[in-house]
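Residue numbers (this note's numbering), protein chains in the order written: chain A, 6 to 226; chain B, 3 to 459.
Simulated from the structure, these hints should not be mistaken for laboratory data.
The beta-carbon is built from N, C-alpha and C at its ideal position, and this holds for glycine as well.
You may find that some hints are simply not true.
Claimed, not checked - Going by beta-carbon spacing under 10 Å, a handful of chain A positions derived as facing chain B:
hint, residue
1, T51
2, N55
3, D84
4, R85
5, A88
6, E108
7, M114
8, N162
To be verified - Heads up, simulated EDC-like pairs for lysine to aspartate or glutamate below, C-alpha to C-alpha not over 20 Å straight-line:
hint, chain 1, residue 1, chain 2, residue 2
9, A, K142, B, E355
10, B, K286, B, E96
11, A, K142, B, E14
12, B, K90, B, D274
13, B, K157, B, D132
14, B, K453, A, E18
15, B, K62, B, E89
16, B, K157, B, D190
17, B, K7, A, D122
18, B, K145, B, E49
19, B, K133, B, D99
20, B, K453, A, E80
21, B, K157, B, D129
22, B, K453, A, D64
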Amino acid sequence: MLLVENVKKSYREPDGSNLAILDIPRLAVDAGEQVVIRGRSGGGKTTLLNAIAGLTMVDAGRIALNGTDVTRIPEVGRDRFRARHIGFVFQTFNLLAGFSALENVMLGMTFTGQPRDSKRAVGLLERVGLGHRLSHKPAALSVGEQQRVAVARALVNRPVLLLADEPTANIDPMHQQQVIDLLREVCRDENVAMLLVTHADEVSNQFERVEHLENLNRVAA
Amino acid sequence: MPFWKIAWRNIEQRALASSLTALSMALGVAVMIAVIVIHSVAVRQFEQDAQGYNLIVGGKGGALQLVLSTVYYLGQPLYPIPYSYYEKFIDGGEFADLTEVAVPECLGDSYVAPNGELFRVVGTTPDLFDKIHYGNNPDGTPKVYEFQPGGRNLKNALPLREEAFGQAAFEAVVGSVAAARSGLRVGDKINPTHGLGGEGHKHDAFTIVGVLKPTGTANDRAVFINIEGFYLLEGHALSGHEEHEAAGHAEEAAHEHEHEHEHEHHEPLPLDQREVTSILVLCKSALGPTVLDTAINKGEGHIAQAVAPIREVTRLMDGIVGPIRLLLLVLTVLIVIVAAISILVSIYNSMSERSHDIAVMRALGASRSAVMNIVLVESILLSLGGGLLGVLLAHGMIGLASPYVEARTGVTLGWLQFDWQEIVLIPALVVLASLVGFLPAVSAYRTDVAKALAGSR
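Please model the complete structure; the sequences and the hints are all you need to start from.
What follows is the structure, encoded as structure tokens:
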């Protein structure tokens with residue numbers, strides 16, 4: 006389903022030298038599979054997720070999602086592809102402050118180019134236990150509720166892959182488990198593959214497949 | 003979610019800054035609309051006032067001065083012409099064949115209301131209200147002068163006949179604004195004052211027999227007296243005849259002492275001593291004005307001039323009022339541009355704090371052009387919102403000022419008085435908003451998503 010092959014990414018330093026970030030010979034994720042990637046801070050975890058989502062262009066290699074090489078799609082098509090096939094859950098939730106919970110979820114549908122399905126958005130919010138908070142803005146929601154809205158937003162377009170970047174980093178331990186449970190359960194129900202980046206043992210210990218970035222990424226090794 | 007809703011949420015997020023920028027746009031647009039509407043009303047008003055007749059015939063001098071003093075009762079009247087000139091237009095006179103209606107007007111007196119307000123007094127005949135129309139109704143029919151309930155027109159008093167120095171001669175009709183502001187009603191008596199300044203001696207009393215319904219013309223602000231009564235008043239003999247009067251009319255001199263209240267004893271003013279300030283001429287045919295214009299303005303030893311009022315009004319509008327309006331419009335356009343720049347500054351300054359939101363939308367699949375369009379829509383919403391507020395503000399102000407302006411000038415300013423040029427404002431504002439929104443939109447377009455998302459950690 007997801008295949009990352011020979012992907013390389015480096016940044017140019019102010020002094021003109023190249024700083025290598027990624028050099029990943031291979032990473033494959035099957036449909037519906039849930040994979041954790043662990044690694045030290047600054048090891049390129051977020052860059053890898055951004056590269057898979059097409060937000061960061063790689064220097065070389067291939068990133069194929071359901072057979073489509075993301076690196077070969079022109080930018081406009083890549084944005085549309087991302088909207089339809091990839092869901093994103095961020096460390097800081099990244100809900101838009103001026104929008105209600107429902108609007109934040111509906112925002113995820115705005116850029117797919119397909120008809121908006123408000124029933125789906127409401128259904129997902131009910132699914133994550135926020136059916137009674139549809140019109141609440143993020144500031145009126147608890148941290149755990151905000152993250153649940155973010156989960157609903159990431160899944161609203163029925164993606165094939167969910168990218169979760171440290172989704173529990175800003176949550177207290179009690180809510181951490183709720184979010185992980187929710188992510189795993191919803192992804193399983195919706196048959197969505199999940200690639201979750203974390204540095205927390207208590208999170209990674211719950212997954213069957215855990216990849217260490219040091220093993221995946223030659224630069225981090 | 004439609005782009006306009008996303009843009010609207012962004013506006014709501016910065017409610018204070020958005021409101022202030024929209025308000026500045028509203029004020030600019032309000033001033034612009036006020037200039038447009040007031041100008042168009044003024045032009046319409048000027049043109050309407052000058053309708054109903056083809057020519058004004060008056061003494062030699064400035065053509066514009068003749069029109070302004072005769073039609074709008076503004077400025078000093080020109081030197082009068084002999085009454086005999088008026089007779090050329092009536093009863094088989096030289097120009098009678100070309101003339102449908104000729105209405106003489108004698109200016110130079112005024113009426114000082116109890117509150118000190120000054121109104122022009124016009125000596126004229128009933129024909130002014132019976133045979134002259136002012137403008138047209140929406141259905142194309144001519145507007146005719148009407149009197150408020152209980153009132154009537156002046157009576158026709160033929161020169162030198164008995165009725166010309168009886169009660170009928172001392173009747174007056176008052177314009178609606180003059181009546182409202184001075185409190186005059188049918189049956190009241192007024193004493194016109196000699197001269198336009200209101201400081202001359204008081205003439206005999208005239209009885210008000212009618213109050214005109216509002217016409218929206220300068221006639222609303224005037225007082226009309228029977229021309230025969232005018233000729234019975236002191237100081238209204240033909241210029242240069244004073245010596246003749248002093249020598250030959252001993253009885254008239256005697257009457258001078260008592261005329262203040264007892265006008266019944268006046269002697270009629272012989273026709274050869276009479277003058278008129280101007281004559282409103284409605285021609286029988288379309289060719290009439292041209293023929294009369296040539297005959298009066300280019301004839302041998304001509305002593306009068308004929309002026310087409312519409313032509314002079316157009317000249318005034320094009321030559322003086324138009325450029326002033328253009329200058330005001332340029333100033334208001336500058337105000338609107340400054341308001342638009344404030345929108346640019348407001349949105350642009352917010353871009354750094356919004357780069358995170360933009361990055362999130364990009365991560366959710368928004369293309370660069372989508373986030374650019376959202377910013378442009380935001381700029382357009384602010385400009386259009388401010389513009390529409392300005393339209394309401396302008397028309398609200400016009401509506402509020404309307405009773406005051408109408409009472410002072412007779413000009414009707416309806417708050418729903420729209421001008422077609424206002425419609426042009428809408429696309430113009432969209433274009434302006436797109437221009438000023440372009441810079442922040444490009445900034446949104448260039449947002450580095452990975453960097454902005456990393457910055458939010």
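Checklist entry - At a threshold of 10 Å, is the proposed contact between A:M114 and chain B supported by beta-carbon distances? => result holds, 7 Å
Checklist entry - Do the alpha carbons of A:K142 and B:E355 lie within 20 Å of each other, as the hint requires? => result Holds, at about 18 Å.
Checklist entry - Straight-line Cα separation of B:K62 and B:E89 no greater than 20 Å? => result holds, 18 Å
Next on the checklist: Need the status of pair A:K142, B:E14: alpha-carbon distance at most 20 Å?
Outcome noted: holds, 13 Å
Checklist entry - With 10 Å as the cut and Cβ atoms as the points, is A:T51 at the interface with chain B? => result Holds, about 7 Å.
Next on the checklist: Holds or violated: B:K453 and A:E18, Cα atoms, limit 20 Å.
Outcome noted: Cα-Cα ~15 Å, so holds.
Checklist entry - Does A:A88 meet its interface restraint, that is, does its C-beta lie within less than 10 Å of any C-beta in chain B? => result This interface hint holds because 2 Å falls under the 10 Å limit.
Next on the checklist: Given a cut of 10 Å on the nearest C-beta pair, is the interface hint for A:N162 held or broken against chain B?
Outcome noted: For A:N162, the interface hint holds, since the closest Cβ of chain B sits about 8 Å away, which is under 10 Å.
Checklist entry - Given A:E108 as an interface hint, is the shortest Cβ-Cβ distance to chain B below 10 Å? => result holds, 6 Å
Checklist entry - Is B:K90 close enough to B:D274, meaning Cα to Cα at most 20 Å? => result Holds, because 14 Å separates the two Cα atoms, which is no more than 20 Å.
Item to check | Interface restraint verdict for A:R85 against chain B (beta-carbon cut-off 10 Å) | outcome: This interface hint holds because 6 Å falls under the 10 Å limit.
Checklist entry - Within 20 Å, alpha carbon to alpha carbon, are B:K133 and B:D99? => result holds, 17 Å
Of the numbered hints stated above, none is contradicted by the structure.
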